[in-house]
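K.L.:
Just so you know, we're using our numbering here: the sequence shown kicks off at -15 and counts up by one.
Please note that a few of the clues may not be correct.
Per label pair, the in silico range of CB-to-CB distance [what the hints assert, rightly or not]:
#	residue 1	residue 2	range
1	T(-5)	R86	42 to 50 Å
2	K25	I(-2)	52 to 60 Å
3	D65	D18	27 to 35 Å
4	E88	A54	13 to 21 Å
5	D18	R86	29 to 37 Å
6	D(-6)	G78	52 to 60 Å
7	L59	D18	53 to 61 Å
8	V6	R26	29 to 37 Å
It should be emphasised that the hints constitute simulated quantities derived from the structure, not laboratory data.
Just so you know, even glycine gets a beta-carbon here, dropped at the ideal spot from N, CA and C.
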Amino acid sequence: MFGDSLTVADTLLISGFSILSVFLVLLMLSYMIDFCAFLVKRSETLPETGTGTAAPAANDSSDVLLAAAAVAACLSVEPDDIVVRRIRRVEDCGGTWAQSARLESIR
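Generate the whole structure from the sequences, applying the supplied hints.
P.N.:
See the structure below:
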């Protein structure tokens, strides 16, 4: 098909075929990434079986004192100025990097 010399039409055909093939590969990669994201979101929204997800809040006075002392130390106020109304467990919304950053900031 292509001999020693290429015509303008031949170069346009080769360029068009190359551009089309690159576009199709990129489109296929985009759909694969979207499909993987769909699978990840679907696995996150599936209900977990087994034990409960949240522990009941403790009414133990030592937990309240610890929470009040931690908040007072963070805000640089007296612990008597802090009123703890409710203690509840917050879901871990971060991944491994967020946990590592929190541990690093404590040190």
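K.L.:
Is the distance from the Cβ of T(-5) to the Cβ of R86 consistent with 42 to 50 Å?
P.N.:
At 58 Å between Cβs, range violated.
K.L.:
Has the hinted range 52 to 60 Å been met by the Cβ atoms of K25 and I(-2)?
P.N.:
For K25 and I(-2) the Cβ distance comes to about 41 Å; the hint is violated.
K.L.:
Given the hint of 27 to 35 Å, check if D65 and D18 actually sit that far apart at their C-beta atoms.
P.N.:
Given about 51 Å between the Cβ atoms, the range is violated.
K.L.:
For the range 53 to 61 Å, tell me whether the beta carbons of L59 and D18 fit it or not.
P.N.:
Violated, at about 45 Å.
K.L.:
Confirm or reject the claim that V6 and R26 have a C-beta distance inside 29 to 37 Å.
P.N.:
Holds: the Cβ-Cβ distance is about 31 Å, inside 29 to 37 Å.
K.L.:
Between the beta carbons of D(-6) and G78, is the distance compatible with 52 to 60 Å?
P.N.:
The hint (52 to 60 Å, Cβ to Cβ) holds, given that D(-6) and G78 are roughly 56 Å apart.
K.L.:
So does E88 sit 13 to 21 Å from A54, Cβ to Cβ?
P.N.:
holds, 18 Å
K.L.:
Is it true that D18 and R86 lie within 29 to 37 Å of each other by Cβ?
P.N.:
holds, 31 Å
Hint violations for this structure: numbers 1, 2, 3 and 7, all remaining hints satisfied.
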